[in-house]
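A.B. asks: Since the structure of chain A is already known, use the hints to place chain B on it.
Chains as they are written, first to last, in the working numbering: chain A, 376 to 452; chain B, 376 to 452.
Since the hints were made in silico from the structure, they are not lab data.
Hints should not be assumed to be uniformly reliable.
One copy or two, it doesn't matter: identical chains are merged, so the pair holds either way.
Computed cross-link-like contacts, BS3-like style, restricted to lysine-lysine with a CA-CA straight-line distance of at most 27 angstroms [unchecked claim]:
| hint | residue 1 | residue 2 |
| --- | --- | --- |
| 1 | K434 | K421 |
| 2 | K397 | K421 |
| 3 | K412 | K397 |
| 4 | K438 | K401 |
Just so it is clear, the structure is predicted and the values come from calculations on it, not from any experiment.
2 protein chains.
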Amino acid sequence: QARAPKGRCFCVDKGVNMVPPKQIEKVEIIPASRSCKTQEIVVTLKNSTEQKCLNPESKFTQKYIMKAVEKRSLQKK
Amino acid sequence: QARAPKGRCFCVDKGVNMVPPKQIEKVEIIPASRSCKTQEIVVTLKNSTEQKCLNPESKFTQKYIMKAVEKRSLQKK
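So that you can see chain A by itself, here it is in the shape it has in the complex:
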């Protein structure tokens, strides 16, 4: 039950440490699966639908993703 058509990981390396937030169309968190043993974080950029792998351990990635779930609860206060 391959996930990516070619049945392998999408990211061939750790990925970039950051991308300009304004250029982010969306961020995909792809959990590990049979076809790819590691979890991957893939960002799709605006204006180009280009996709880049994001290093899950970079400060930027951690901050960006944490903010995604923090944001609304902060606004409520």
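C.D. replies: Quick look at chain B alone, frame taken from chain A:
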């Protein structure tokens, strides 16, 4: 520069509070944009490519997404 073809939000409500992690193919974080003023978290399910909106404020969502960026750094210790 509409994001979703119909130029509106993908999620019509807050979304579900949780989905069984094993059924998750991927989770998309879609930042607010001109076509949709709110950030959305959309989960694609395995075996059906069905997509569901995930409530960003639910405990499950917050835990799942935080784990996505925590995981690797914990393994290293």
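A.B. asks: If the cut is 27 angstroms between Cα atoms, do K412 and K397 qualify within a copy, between copies, both or neither?
C.D. replies: Intra 30 angstroms, inter 14 angstroms, cutoff 27 angstroms: inter-copy only.
A.B. asks: Treating 27 angstroms as the Cα threshold, decide for K434 and K421: within, between, both or neither.
C.D. replies: within (22 angstroms within a copy, 30 angstroms between copies)
A.B. asks: With identical chains treated as interchangeable, where does the CA-CA distance between K397 and K421 reach 27 angstroms or less: within a copy, between copies, both, or neither?
C.D. replies: Only inside one copy: K397 and K421 sit 8 angstroms apart there, 30 angstroms across copies, limit 27 angstroms.
A.B. asks: How would you classify K438 and K401 at a CA-CA limit of 27 angstroms: within, between, both, or neither?
C.D. replies: Both, since 15 angstroms and 20 angstroms are each at most 27 angstroms.
Checked against the numbered hints above, the structure breaks none of them.
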